[in-house]
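K.L.:
One line per chain: the protein sequences are A and B, in this order.
Per our numbering: the first sequence = residues 1 to 210.
Per our numbering: the second sequence = residues 1 to 212.
Bear in mind the hints are in silico, worked out from the structure with no lab data behind them.
Mixed in with the good hints, there may be bad ones.
Taking lysine to any residue pairs in the SDA-like style, the calculated list, with each CA pair at most 25 Å apart, reads [said to hold, decoys possible]: (1) B:K80 <-> A:D13; (2) B:K187 <-> A:A21; (3) B:K196 <-> A:D24; (4) B:K80 <-> A:P17; (5) B:K196 <-> B:E184; (6) B:K187 <-> A:A19; (7) B:K80 <-> A:E25; (8) B:K80 <-> A:R48; (9) B:K196 <-> A:A34; (10) B:K187 <-> B:A202; (11) B:K187 <-> A:R14; (12) B:K187 <-> A:R48; (13) B:K80 <-> A:R46; (14) B:K196 <-> B:A152; (15) B:K196 <-> B:R145; (16) B:K80 <-> A:D40; (17) B:K80 <-> A:I31; (18) B:K196 <-> B:N182; (19) B:K80 <-> A:A21; (20) B:K196 <-> B:P156; (21) B:K196 <-> A:P16; (22) B:K187 <-> A:E20; (23) B:K80 <-> A:P29; (24) B:K196 <-> A:A47; (25) B:K196 <-> B:R140; (26) B:K80 <-> B:P156; (27) B:K80 <-> A:E38; (28) B:K80 <-> A:E20; (29) B:K187 <-> A:P16; (30) B:K196 <-> A:A19; (31) B:K80 <-> B:R140; (32) B:K80 <-> A:D24; (33) B:K196 <-> B:H66; (34) B:K196 <-> A:E20; (35) B:K187 <-> A:P17; (36) B:K80 <-> B:K196.
Example chain A residues on the side facing chain B (calculated, C-beta under 10 Å, incomplete) [as the list claims (entries may be wrong)]: (37) D13; (38) P27; (39) L36; (40) E38.
Nothing here was measured: the structure is a model prediction, and the numbers come from that model.
Just so it is clear, CB atoms sit at the ideal spot from N, CA and C, and this is done for glycine as well.
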Amino acid sequence: MNGDNARHAAHDDRFPPYAEAGFDEAPPPDIDRAILAEADRVAAQRARWLRPAHLAWAAAVALSIAIVLEVGVGPGVAPDRAPAISEPVTDLGGPVPRRAERSSAHSDQLRVAPVRPEARDAADDLGAPRLERFAAPPPGATAPAADGARAAASTPDARCGEEARGDVAAWLTCIAELREAGEDAAADAELEALRLAYPSALENGNRAPR
Amino acid sequence: MRHPISQRHETIGGEPTSAAARPRREGGRDDTELMLRFKAGDARSFHDLYARHRGPLYRFFLRQAHREAADDLYQETWLKVIRGAASYSASAPFAAYLYRIAHNVLVDHYRRTAHCAFDDADDLPDVADPDDPPEAELDRATLKRRLSAAIAALPPPQREAFLLREETELTLDEIAAVVGTNRETIKSRLRYAVLKLRRALADADEPMEKRA
Numbered sequence: 001m002n003g004d005n006a007r008h009a010a011h012d013d014r015f016p017p018y019a020e021a022g023f024d025e026a027p028p029p030d031i032d033r034a035i036l037a038e039a040d041r042v043a044a045q046r047a048r049w050l051r052p053a054h055l056a057w058a059a060a061v062a063l064s065i066a067i068v069l070e071v072g073v074g075p076g077v078a079p080d081r082a083p084a085i086s087e088p089v090t091d092l093g094g095p096v097p098r099r100a101e102r103s104s105a106h107s108d109q110l111r112v113a114p115v116r117p118e119a120r121d122a123a124d125d126l127g128a129p130r131l132e133r134f135a136a137p138p139p140g141a142t143a144p145a146a147d148g149a150r151a152a153a154s155t156p157d158a159r160c161g162e163e164a165r166g167d168v169a170a171w172l173t174c175i176a177e178l179r180e181a182g183e184d185a186a187a188d189a190e191l192e193a194l195r196l197a198y199p200s201a202l203e204n205g206n207r208a209p210r
Numbered sequence: 001m002r003h004p005i006s007q008r009h010e011t012i013g014g015e016p017t018s019a020a021a022r023p024r025r026e027g028g029r030d031d032t033e034l035m036l037r038f039k040a041g042d043a044r045s046f047h048d049l050y051a052r053h054r055g056p057l058y059r060f061f062l063r064q065a066h067r068e069a070a071d072d073l074y075q076e077t078w079l080k081v082i083r084g085a086a087s088y089s090a091s092a093p094f095a096a097y098l099y100r101i102a103h104n105v106l107v108d109h110y111r112r113t114a115h116c117a118f119d120d121a122d123d124l125p126d127v128a129d130p131d132d133p134p135e136a137e138l139d140r141a142t143l144k145r146r147l148s149a150a151i152a153a154l155p156p157p158q159r160e161a162f163l164l165r166e167e168t169e170l171t172l173d174e175i176a177a178v179v180g181t182n183r184e185t186i187k188s189r190l191r192y193a194v195l196k197l198r199r200a201l202a203d204a205d206e207p208m209e210k211r212a
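Sequences are here, hints too, so could you generate the full structure?
P.N.:
If you want it as structure tokens, here you go:
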């Protein structure tokens with residue numbers, strides 16, 4: 001056999017006699033059955049396994065989202081105490097000071113704060129209406145928050161701001177201004193809060209505004 | 001005897017082996033898709049896949065081992081495919097994946113039995129069948145017997161390359177990847193295999209012609 005034949009053989013796609021021989025042997029039927037049965041078993045197993053896997057995946061995603069939300073929002077407000085969506089966020093005279101008042105360390109500081117003489121003077125000086133000043137937000141609050149505080153202070157439900165509550169005299173002044181404004185209910189509520197916060201304040205010469 | 005097929009191979013290298021490069025079979029899903037569906041738990045897809053490859057794979061083993069061993073190797077290969085389906089990826093055509101496993105199973109078999117040569121004369125159909133088949137059938141049975149004997153006499157690497165070329169649709173590069181060599185080596189093995197087979201068939205014809 002020469003080189004040309006060898007090259008020709010190398011480029012032949014198939015060997016024709018092999019196709020002519022017509023080899024058609026097939027595996028015995030029992031082997032076919034065994035293999036297919038195993039395939040069915042494995043497929044069923046995989047199908048069963050995949051379904052719970054999807055569920056587990058979905059549960060993992062849901063749990064992850066819940067954890068992210070919890071971490072993002074923070075542990076602060078319990079659901080039953082959380083403000084409603086429609087509630088104004090700038091209600092500075094309401095629940096926020098009250099929570100601060102109830103919180104342990106801060107409220108202790110408030111209770112032991114001495115009554116300063118200048119505060120007494122301020123309490124006597126009830127001439128000008130200064131509701132806005134006492135209801136003003138703390139420094140650093142944004143302008144809309146200050147507006148909200150002013151708005152809240154001018155309503156019948158308005159209470160004295162955190163700054164006023166930090167000082168007995170200022171608080172009394174605030175209560176007096178509430179009375180002047182004809183908001184007796186709010187003034188009474190503030191007075192009651194003051195009594196709770198500073199039980200001895202009214203007995204030390206501070207006059208409750210009527 | 002030097003072990004002619006000594007390496008097991010885990011990866012498919014070489015030229016285009018991506019499933020996307022392979023033509024889709026007419027009238028049905030492509031092998032890779034069927035295997036992926038089986039992987040996802042669809043048993044019916046495996047039945048289709050099995051029907052396509054059962055004959056060629058069985059003959060691949062039958063031409064290289066005794067019938068009993070071929071049965072075992074064939075079954076072992078499919079079981080590996082089934083149980084390893086979870087790790088199957090579409091990076092290679094299914095046929096290349098299947099015959100790579102078959103190649104490894106065959107290599108293990110050779111190592112266990114410590115020889116690669118076999119004589120499958122006992123497995124071949126008897127030419128002098130008492131049922132007196134028609135002449136064309138007799139000729140084909142004769143050819144089958146001679147060709148089987150000639151294939152069995154090939155060196156195992158040439159035999160394996162030849163059977164992969166004849167029984168599968170794998171390209172030269174894919175065959176090279178299956179057996180872990182390069183394209184040129186496969187071409188060489190195929191060239192020598194075909195030459196030997198032609199010579200063997202011609203030698204078998206000569207005495208008959210002389211007798212005639």
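K.L.:
Each hint: holds or not?
P.N.:
Each hint, compared with the structure:
1. B:K80 <-> A:D13: violated (30 Å)
2. B:K187 <-> A:A21: holds (23 Å)
3. B:K196 <-> A:D24: holds (23 Å)
4. B:K80 <-> A:P17: Not satisfied, since the Cα-Cα distance of roughly 33 Å exceeds 25 Å.
5. B:K196 <-> B:E184: holds (18 Å)
6. B:K187 <-> A:A19: holds (20 Å)
7. B:K80 <-> A:E25: Roughly 22 Å separates the two Cα atoms, so the pair holds.
8. B:K80 <-> A:R48: Given that 25 Å is the threshold and the Cα spacing comes to 21 Å, the pair holds.
9. B:K196 <-> A:A34: violated (38 Å)
10. B:K187 <-> B:A202: Distance ~22 Å between K187 (chain B) and A202 (chain B) Cα, so the pair holds.
11. B:K187 <-> A:R14: The hint holds at about 12 Å.
12. B:K187 <-> A:R48: violated (46 Å)
13. B:K80 <-> A:R46: Roughly 16 Å separates the two Cα atoms, so the pair holds.
14. B:K196 <-> B:A152: Roughly 11 Å separates the two Cα atoms, so the pair holds.
15. B:K196 <-> B:R145: Distance ~16 Å between K196 (chain B) and R145 (chain B) Cα, so the pair holds.
16. B:K80 <-> A:D40: It holds: about 14 Å lies between the C-alpha atoms, which stays within 25 Å.
17. B:K80 <-> A:I31: holds (14 Å)
18. B:K196 <-> B:N182: holds (21 Å)
19. B:K80 <-> A:A21: violated (31 Å)
20. B:K196 <-> B:P156: With a Cα-Cα distance of about 13 Å, the restraint between K196 (chain B) and P156 (chain B) holds, given a limit of 25 Å.
21. B:K196 <-> A:P16: holds (14 Å)
22. B:K187 <-> A:E20: At roughly 22 Å apart (the allowed maximum being 25 Å), E20 (chain A) and K187 (chain B) satisfy the hint.
23. B:K80 <-> A:P29: Holds - the C-alpha atoms of P29 (chain A) and K80 (chain B) are around 19 Å apart, at most 25 Å.
24. B:K196 <-> A:A47: violated (50 Å)
25. B:K196 <-> B:R140: With Cα atoms ~20 Å apart, K196 (chain B) and R140 (chain B) stay inside 25 Å; holds.
26. B:K80 <-> B:P156: holds (23 Å)
27. B:K80 <-> A:E38: Judged against 25 Å, a Cα distance of about 11 Å means the pair holds.
28. B:K80 <-> A:E20: At roughly 32 Å apart (the allowed maximum being 25 Å), E20 (chain A) and K80 (chain B) break the hint.
29. B:K187 <-> A:P16: The given pair, whose Cα atoms are some 17 Å apart, holds under the 25 Å limit.
30. B:K196 <-> A:A19: holds (17 Å)
31. B:K80 <-> B:R140: violated (35 Å)
32. B:K80 <-> A:D24: holds (24 Å)
33. B:K196 <-> B:H66: holds (22 Å)
34. B:K196 <-> A:E20: holds (17 Å)
35. B:K187 <-> A:P17: The given pair, whose Cα atoms are some 19 Å apart, holds under the 25 Å limit.
36. B:K80 <-> B:K196: Not satisfied, since the Cα-Cα distance of roughly 34 Å exceeds 25 Å.
37. D13: Interface hint status for D13 (chain A): holds (8 Å vs cutoff 10 Å).
38. P27: Hint on P27 (chain A): holds, closest Cβ of chain B at ~5 Å, below 10 Å.
39. L36: holds (6 Å)
40. E38: holds (5 Å)
Hints 1, 4, 9, 12, 19, 24, 28, 31 and 36 from the list above are not met by this structure, while the remaining hints are.
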